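J.: Listed below, chain by chain, are the residues.
Protein chains: 4
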Amino acid sequence: MNSENFSLSEKIVSSSYIRQGSEARRGHEQLIRQLLEQGKCPEHGWSESTIELFLSELALMDSNNFLSNCGVGEREGRVASSLVARRHYRLIHGIGRSGDIAAIQPKAAGSSLLNKLTNSIVLDILRLSGVRSASSCFVVPMATGMSLTLCFLTLRHRRPKAQFIIWPRIDQKSCFKAMITAGYEPVVVENVLEGDELRTDLEAVERKIEELGAENILCVHSTTSCFAPRVPDRLEELATLCSKHDIPHIVNNAYGVQSSKCMHLIQQGSRVGRIDAFVQSLDKNFMVPVGGAIIAGFDDAFIQEISKMYPGRASASPSLDVLITLLTLGASGYKRLLSERKEIYSFLAQELKSLASAHGERLLHTPITPFHWVSLNSYCLHNDKAVTQLGSMLFTRQVSGARVIPLGKEQTIAGHTFRGFMSHSEAYPWPYLNAASAVGITRDDVTVCIKRLDKCLKSLKKEAAKTIPDVLLMRSSNKIE
Amino acid sequence: MNSENFSLSEKIVSSSYIRQGSEARRGHEQLIRQLLEQGKCPEHGWSESTIELFLSELALMDSNNFLSNCGVGEREGRVASSLVARRHYRLIHGIGRSGDIAAIQPKAAGSSLLNKLTNSIVLDILRLSGVRSASSCFVVPMATGMSLTLCFLTLRHRRPKAQFIIWPRIDQKSCFKAMITAGYEPVVVENVLEGDELRTDLEAVERKIEELGAENILCVHSTTSCFAPRVPDRLEELATLCSKHDIPHIVNNAYGVQSSKCMHLIQQGSRVGRIDAFVQSLDKNFMVPVGGAIIAGFDDAFIQEISKMYPGRASASPSLDVLITLLTLGASGYKRLLSERKEIYSFLAQELKSLASAHGERLLHTPITPFHWVSLNSYCLHNDKAVTQLGSMLFTRQVSGARVIPLGKEQTIAGHTFRGFMSHSEAYPWPYLNAASAVGITRDDVTVCIKRLDKCLKSLKKEAAKTIPDVLLMRSSNKIE
Amino acid sequence: MNSENFSLSEKIVSSSYIRQGSEARRGHEQLIRQLLEQGKCPEHGWSESTIELFLSELALMDSNNFLSNCGVGEREGRVASSLVARRHYRLIHGIGRSGDIAAIQPKAAGSSLLNKLTNSIVLDILRLSGVRSASSCFVVPMATGMSLTLCFLTLRHRRPKAQFIIWPRIDQKSCFKAMITAGYEPVVVENVLEGDELRTDLEAVERKIEELGAENILCVHSTTSCFAPRVPDRLEELATLCSKHDIPHIVNNAYGVQSSKCMHLIQQGSRVGRIDAFVQSLDKNFMVPVGGAIIAGFDDAFIQEISKMYPGRASASPSLDVLITLLTLGASGYKRLLSERKEIYSFLAQELKSLASAHGERLLHTPITPFHWVSLNSYCLHNDKAVTQLGSMLFTRQVSGARVIPLGKEQTIAGHTFRGFMSHSEAYPWPYLNAASAVGITRDDVTVCIKRLDKCLKSLKKEAAKTIPDVLLMRSSNKIE
Amino acid sequence: MNSENFSLSEKIVSSSYIRQGSEARRGHEQLIRQLLEQGKCPEHGWSESTIELFLSELALMDSNNFLSNCGVGEREGRVASSLVARRHYRLIHGIGRSGDIAAIQPKAAGSSLLNKLTNSIVLDILRLSGVRSASSCFVVPMATGMSLTLCFLTLRHRRPKAQFIIWPRIDQKSCFKAMITAGYEPVVVENVLEGDELRTDLEAVERKIEELGAENILCVHSTTSCFAPRVPDRLEELATLCSKHDIPHIVNNAYGVQSSKCMHLIQQGSRVGRIDAFVQSLDKNFMVPVGGAIIAGFDDAFIQEISKMYPGRASASPSLDVLITLLTLGASGYKRLLSERKEIYSFLAQELKSLASAHGERLLHTPITPFHWVSLNSYCLHNDKAVTQLGSMLFTRQVSGARVIPLGKEQTIAGHTFRGFMSHSEAYPWPYLNAASAVGITRDDVTVCIKRLDKCLKSLKKEAAKTIPDVLLMRSSNKIE
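Residue numbers (the UniProt record's numbering), protein chains in the order written: chain A, 1 to 481; chain B, 1 to 481; chain C, 1 to 481; chain D, 1 to 481.
Chain A extracted, bound-state conformation:
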């Protein structure tokens, strides 16, 4: 309603009420103004009505919603299904242009604004979460793995001779495949066992650099967020090494935004050494649907170079999701989520500890684990069958996300064979079970999980007393996910 329409309304409904309504509208406009002005995540979450007002305003600025538009191109933002139009708030044109995923679309001022603002808000949150000196980022509608691939492909143009990527081992398929897909040979550096923890073998990394020659190495590809007993890579030292040898450094920070430790490591790494980009998942850190990632860094030019490598327009869906979510939560809401996560992490550790001791087990001691993986090596997991069976039992009881890690599993991915797969080590001494406290977890999740786990362990012990019957292996990976 513009002022003219408010005036007309005063002829229908008494003016003092209309004026109050118009005044109240200004409150919403004011919030939008602050957002446009500052490009930051608002401290306090917006109401759904402000959010929907804002999105409908954005949509009105896209040509597919112009009342008098006529379209004679091949891409006019037409939508066949009204269900589809509605679920996208009629923002149809996606983000970016053929040349650059961060570019502005002439046909879609609203979608372009959405794209710019989302990137700006997300950067603000990355900074608030600990990487204070991050200078640039963008949301990309691809998984973390594919986003890493995009980073590697961008580096190719800078380092045409390189064939290798140095990668301290972490047993997760997609980050390994990210390198393969980009056409590089991953150089796997095994971790070293310190206490219960698996840590980066810095010497081995440096040895590999010298062995292969810095110019033949595309980058070091390190990892922050991971499951105990593997702990985050020694980022400061790796960053220093990269700086020293003039090798790019890409960090896989998949679910690390929610961990102040991971974020701190990146901040420190960038301060003392070199980090070219760090990549994180949208869904794992911001409680949105799967499918987006944030590529961030400290050098605007390089981040922009990556954004220009994405050929073609892209889905605005992940940007829209994270925008709605952050406007709903506000910075304070997001911080509250993070601190709740931390609290429940302690609660989970404590509960697992009690459970472990009740079953004659122990909780692995992994103090460096920045946040959320807690492990338990279980006596009744004395053979592969039992391990598999526990996984299967948990799945059936709707405990999702817990992983049972057996010993000595072998897995070949793209020609590379990993011994002791899933344990991040060729010879981790014990099988164990992982449980995480990730953003959004509730006390109920923990309580129910512990209860069910207790039942499973009891039942396994009973069986272990007898001869163990053959169990139908649910799936070879034993991974419950």
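These are calculated hints, taken from the structure and not from any lab test. Among these hints, one or two may not hold up.
For identical chains, the list gives no copy identity; a pair is met inside one copy or between any two copies.
Straight-line Cα separation of at most 35 angstroms, DSBU-like style, residue types lysine-lysine; simulated pairs [to be verified]: (1) Lys40 to Lys335; (2) Lys308 to Lys161; (3) Lys458 to Lys409; (4) Lys40 to Lys451; (5) Lys173 to Lys308; (6) Lys11 to Lys308; (7) Lys173 to Lys353; (8) Lys208 to Lys308; (9) Lys385 to Lys461; (10) Lys11 to Lys385; (11) Lys11 to Lys173.
If you're wondering where the values come from, they're calculated on a predicted model, not measured in any experiment.
Add chains B, C and D to chain A, keeping to what the hints say.
T.: Here is chains B, C and D on its own, set in the frame of chain A:
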């Protein structure tokens, strides 16, 4: 409502009515049954209530909607904003697994089913639209350009020595960048002018192959859908050439599904020669939001290899959009859209012809243009300024999609300089204007466009009579989009 | 977005695009302006995006959506469920105030505006549909019957001595109960048979007036829309009679807005005689959910008096539905619906005629029937069982709305016994079947109905040839609805 | 998804996952089963996905959603606008039949089920909230006032001679008008002042009964929920009186469900004496949009008689809202809301007390006030202008719901003049201000209100020190609402 609940309902509301309600429910179930059984796009569109029933049923099968699930993993499909949850019908887990975008997720049976069914329905539609022997396809939540990149990256593993991609010129940035991003050197083959049309220079292609050596060539990258006066590549001949030289052949069919001619070319090419994959945009062919593509082919193993190259899970959003759209339209609805497009294409041609003759212009004669680009070389476009001004005028008058193509523009992309950029030729004889009839276009679009165009031309003529004043160039590309 | 926010946006996205977006927004505002200015149904329907923009603007003007409101009253428009808030577009305060359903609410300028505009648009449509001199109306969230009751209760204060309402018989329960509920004694005037038609017995009406004394009569309560073979009351004559005897006249125009004949009768009645109010259903005339009615008339003071009789606020839901619907359709869309209804009426008549003659039946000749009821007296309906069975068969075959009318049924409502109930006559000569062409009907409805009816009749004939078995009576009324 | 469709799905996605999905679905079905079986409000709230599943299941049972329905009646549940269809979850047929608002509709088994279940759940909640022996109730889509009218109209048939309704004064328009609309003469019984409180004058009531004669009295119309300093009527005594004189007793319990005191009074009244029906608002007690009420009682036959008085079908919208809300909250959630209300009531009292003493005022002592009205007599409210100005100031500062009550206001409603209107008394000794703690109120509401009120009072005092300037009276009633 299961049968028990229907029985209970009969105690509350008289049983004959409940039984009729239960009977009626079976009608919806029956439609779902056919879909599950046949994996084909239903002939007749579904009602919104059947579609929403189906989607809510799928969502219930995903673990994030289990009432008694407890999640202790790092990715549990939690959603912070109910606006976000709703717009995704609570399908949060995306598609695919770390290993393969087409893989099944243990945590998300419903999303997995959605993924499989969408791919199956889309394959059905590709066949119905003319590529009858297509054997496999999948939807990928990336633009056409990035999807082409994925195809090239997949081929890299088969052809490690290759450095070049042969590419008959088409002036569209993202398909060019797709090759650059993948790390290859595009070998641009200029088109030849035949009458008003620009066609593939087959001899030049073969010459290049011989010159560079087949083993050094990753693939031939051809194009079907394009703007007149460039016409679709000679696909049969290129496919034969590829077959002869044992070179892979990737076809950019961006908005070609809507054109029986483009689809026919692919079908013929695959029959007489070699086509490894053809890639098309979701938004341009199916009236859904920007952000998805279909990668299809004739060899299941190769298509699966591509799907396995995508590292990590991916957004289900484009799959969901195209699924909803095709279920809404039904095969018959989609075919009707295509035939309407054809009719309006003729109408547009006729109207442009009249307009052209009224202004002393002519419609370019481009009979091979499979479908929808019609051109007009305009006398008053006698200098760059006028050309630019026409573009600017159309933009202001909310005519979107029309492109005004000047002469002699130069553009450098990733180090490669294109002379006569936008005209697909170093020396096209005339400037011209393009207007398309794309799926979803209405008669109104045409009528209004012609009217506004007429006004613009009249006003330009008037000005041309005077000295032409300097116009503020809107953007360097002159492209109205 | 106010102008300040547009300016800020120009710093983020290039100004020419933002300016175009802002310009396009003005298009929507312009439509709203016209509505506010003229208070008429727009000629052309609005897009969903304009409608939702408008509703969200209205909602922002209600205090429950003020960002800085604090509420310490007993009714603050708080909503516990976000599903509920959303489905009402956050318009929570209903319409009216304790004193008057048409009054303005200080707490809810937006809802008040909605209420006023809806009444204004609906009045426009009533005029367009034929009652050109209607001067005032309001939407009330009650069924037609209860709305009639409200009219009678209002008249009570004008005619405190009156105990009777004169009512030409129509066999429909709720309009009869409307009088009972208001506390009056209905004086049923039987219809007379003219040809196949049942028409108002004017002499009997006048006789009753004289017999009871005008001052003891609250009003004449006549009916327009009804099922053949009863035809609309002789409204002109009744209105003249009422005028002559100074008796109020309330018209039940339940589904008559869709019939130009019914509307014409009201217009004529008001011109030559007296009509105090006419009441019509929202759902039956405007394709909205059940639950609202329009009370309209020619004397503003009386209509306002009725609106002031409703004690307390009321649901805005029916007003919202009809507002959305009329803005979606536009006046032209509504008129198109009406003309389609007429066409299908003819089609239905023709199809029934063919069917009738094929079965040796005949279509009742009821030319005065303003619109949509077509009847068929069927030989095989030779006994009550067969009649009931046909009703039952049609119900089972999902033919809804068809009524099979037996002979000689008796029904007692509130102490009054109707002989020949459902046939509007104590002794209609034949049983028959009714089928209507109501607004929104499709050709498919007719074709399918005729096909199923044909099957039923064939099967009944077959049975009639044998001894007729007992059928389980579905329900005593035989009414298929 | 029926079992057949689950089986088919197992061919597409691995069976263990599908089986788990199907198992999980059963969880939702189970909740629905309990609801159907017990007809009670579930203890724990349902998730939105269960609620929407349930509503979509109900909708599928209505004939307008049958895939093969053909409709040839005048009311087929067709909907012109998809926005409208969606917002009603495609439940279009409303509730009830022409004869009875609680009746089952053959065309709409789902809507009928919704209606029955809602009434059943609401009854459960009334019992839980304190009226344990309530035996019957129904939701009616009308405001409290109109619902009271319906009760009176029903009684008319039982007491044809009666002309009067005895009504202990409460200054609220709609309950007064409810009697007028029904055609009765309200006999206003003034309250007596006891301390600060205004209480029922029982002797005056009995005197009136004897004076008018019991048979001439339709009923006693008492009130529970009201603003201090008027307190709830002496219900036990009134009920005993009614029983003794064989006079019906209708209780206006508008916003009393949220108050255990009001509910207790009704329960006690029904135990020791006579209460025929008690009526409460949906919006004020259940945080749903305005427009519905619950008519409840202890005698099934009488409640059913009322439901049969509503002539015609009715809107399902209020039933749907309260159903969704109660399923969302669950019984435990509703009880939590009530106990929060109580807590904030104490907080509000305390804050007002502090504020009062800071300004040299006092909090009225009204211990019998069941719940939420707190009053403050303010020295600076020394004249009418100041009182009005305070009202105006609060309105402007977006404090809604606070009422400023002046002295000696006169108001005439339907011919009856109330002296001291708004204060429930002809001569209440002080002006005062009301603030309520109603269900859904937050601590923030209280804090902000107190702060703004403090500012207003300060500013008024300052002005009082000067000569008081004329203020533009906002509206004559001084009521801020």
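J.: Give the relationship of Lys11 and Lys308 under a CA distance limit of 35 angstroms: within one copy only, between copies only, both, or neither.
T.: between (53 angstroms within a copy, 21 angstroms between copies)
J.: When no copy is named, should Lys458 and Lys409 be tagged within, between, both, or neither for a Cα gap of at most 35 angstroms?
T.: Within one copy only: 25 angstroms inside, 73 angstroms across.
J.: With 35 angstroms as the alpha-carbon cut-off, assign the pair Lys11 and Lys385 to within, between, both or neither.
T.: between (79 angstroms within a copy, 27 angstroms between copies)
J.: Is it within, between, both or neither when you check Lys11 against Lys173 at 35 angstroms Cα-Cα?
T.: between (66 angstroms within a copy, 26 angstroms between copies)
J.: Is it within, between, both, or neither for Lys173 and Lys353, if the alpha carbons may be no more than 35 angstroms apart?
T.: within (30 angstroms within a copy, 58 angstroms between copies)
J.: Should Lys173 paired with Lys308 be assigned to within, between, both, or neither, using CA atoms and 35 angstroms as the limit?
T.: This pair counts as both: shortest intra-copy Cα distance 27 angstroms, inter-copy 11 angstroms.
J.: At 35 angstroms max between alpha carbons, let me know whether Lys208 reaches Lys308 within a copy, between copies, both or neither.
T.: Both. Shortest intra-copy (31 angstroms) and inter-copy (29 angstroms) distances satisfy the 35 angstroms Cα cut-off.
J.: With identical chains, the pair Lys40 and Lys335 could be close in the same copy or across copies; at 35 angstroms between alpha carbons, which is it: within, between, both, or neither?
T.: Within one copy only: 14 angstroms inside, 39 angstroms across.
J.: Could you figure out if Lys308 and Lys161 sit no more than 35 angstroms apart (CA to CA) within one copy, between two copies, both or neither?
T.: For Lys308 and Lys161, both the intra-copy (21 angstroms) and inter-copy (26 angstroms) Cα distances are at most 35 angstroms.
J.: First find the shortest C-alpha distance between Lys385 and Lys461 inside one copy, then the shortest across copies, and answer within, between, both or neither for a cut-off of 35 angstroms.
T.: within (13 angstroms within a copy, 72 angstroms between copies)
J.: At 35 angstroms max between alpha carbons, let me know whether Lys40 reaches Lys451 within a copy, between copies, both or neither.
T.: between (42 angstroms within a copy, 30 angstroms between copies)
In this structure, none of the earlier numbered hints is contradicted; all agree with it.
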